[in-house]
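Q: Those letters in the sequence shown? Residues 5 to 137, per this note's numbering, in order.
Calculated from the structure, these hints are not laboratory results.
Do not rely on the hints blindly, as some may be mistaken.
As the list claims (entries may be wrong) - Taking lysine to aspartate or glutamate and the EDC-like style, the derived pairs with C-alpha atoms no more than 20 Å apart in a straight line are:
1) 63 - 133
2) 63 - 25
3) 112 - 133
4) 63 - 99
5) 63 - 111
6) 62 - 98
7) 46 - 133
8) 91 - 111
9) 62 - 124
10) 62 - 111
11) 91 - 39
Stated by the list, open to error - Now the in silico label distances, taken between C-beta atoms and shown as ranges:
12) 126 - 59: 29 to 39 Å
13) 99 - 34: 19 to 29 Å
14) 28 - 68: 11 to 21 Å
15) 133 - 35: 17 to 27 Å
Being a predicted model, the structure only gives us computed values, none of them experimental.
Ideal Cβ positions, reconstructed from N, Cα and C, are used throughout, including at glycine.
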Amino acid sequence: MKKLALLLLLCVFVLCGCKYDRGIILFNSQPITRENALHDSKSFNSGQRVYYLFIAPKKMDNNYIRVQIFKMTDKAPWGGNEVVRTKDFRLMKDERYYHSDYFTLYEKGRYVMQVFSINDFQHPLSVGDFYVR
Numbered sequence: 005m006k007k008l009a010l011l012l013l014l015c016v017f018v019l020c021g022c023k024y025d026r027g028i029i030l031f032n033s034q035p036i037t038r039e040n041a042l043h044d045s046k047s048f049n050s051g052q053r054v055y056y057l058f059i060a061p062k063k064m065d066n067n068y069i070r071v072q073i074f075k076m077t078d079k080a081p082w083g084g085n086e087v088v089r090t091k092d093f094r095l096m097k098d099e100r101y102y103h104s105d106y107f108t109l110y111e112k113g114r115y116v117m118q119v120f121s122i123n124d125f126q127h128p129l130s131v132g133d134f135y136v137r
């Protein structure tokens, strides 16, 4: 009986959990076009431009998004995350479903990129990771 109750409780947590619609982030070493959008990469050289394309899960109603990049490291004081870059972008009327840009990183390591709505910094619209060699 205890096993059945435990199984039922586990099913409730798994099937009824909160779900946030998340978009996707594609990374590439070349500017992202229609031809190379599906050939994303996760590994880049130090000093190389990292082009990204963020595709939103649904039409964004706000005018701004925040793109945050942090490095996963053992030396950071708060749980191994060191914020490397944070930038706010204004969305044009034709960019309500996507955003594209590039950045350059010079330190080797594992990085994570998050895109937030300017109205909600608790739940990212999308999360993606990549490596710099």
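Q: Each hint should be assessed against the structure and marked as holding or not.
A: Structure-based check of all given hints:
For the suggested pair residue 63 and residue 133, the alpha carbons sit about 23 Å apart, so the restraint of at most 20 Å is broken. Distance restraint check for residue 63 and residue 25: the Cα-Cα separation of roughly 12 Å lies within the 20 Å cut-off, and the hinted pair is therefore satisfied. Our distance criterion of 20 Å between C-alpha atoms is met by residue 112 and residue 133, whose separation comes to about 13 Å. A distance of roughly 9 Å separates the Cα atoms of residue 63 and residue 99; the hinted pair therefore holds under the 20 Å criterion.
Among the hinted pairs, residue 63 with residue 111 is inconsistent with the structure: their alpha-carbon atoms are about 34 Å apart, more than 20 Å. Under the criterion of a C-alpha separation no larger than 20 Å, the hint pairing residue 62 with residue 98 is consistent with the structure, at around 13 Å. As the CA atoms of residue 46 and residue 133 are separated by approximately 7 Å, the hinted pair is consistent with the 20 Å bound. Our distance criterion of 20 Å between C-alpha atoms is met by residue 91 and residue 111, whose separation comes to about 19 Å.
For the hint pairing residue 62 with residue 124, the CA-to-CA distance comes to about 15 Å; that is within 20 Å, so the pair holds. Using a Cα cut-off of 20 Å, the hinted pair residue 62 and residue 111 is violated, with the two alpha carbons roughly 34 Å apart. Taking the CA atoms of residue 91 and residue 39, the gap is near 28 Å; set against the 20 Å cutoff, the hint is violated. Under the hint 29 to 39 Å, the C-beta atoms of residue 126 and residue 59, about 21 Å apart, miss the expected range.
Between residue 99 and residue 34, the C-beta spacing of about 20 Å keeps the proposed range 19 to 29 Å intact. In this structure the supplied range 11 to 21 Å holds for residue 28 paired with residue 68, their Cβ-Cβ distance being about 20 Å. Here the CB-CB span from residue 133 to residue 35 is close to 21 Å, well matched to the stated 17 to 27 Å.
In the structure shown, a violation is registered for the earlier hints numbered 1, 5, 10, 11 and 12, in ascending order.
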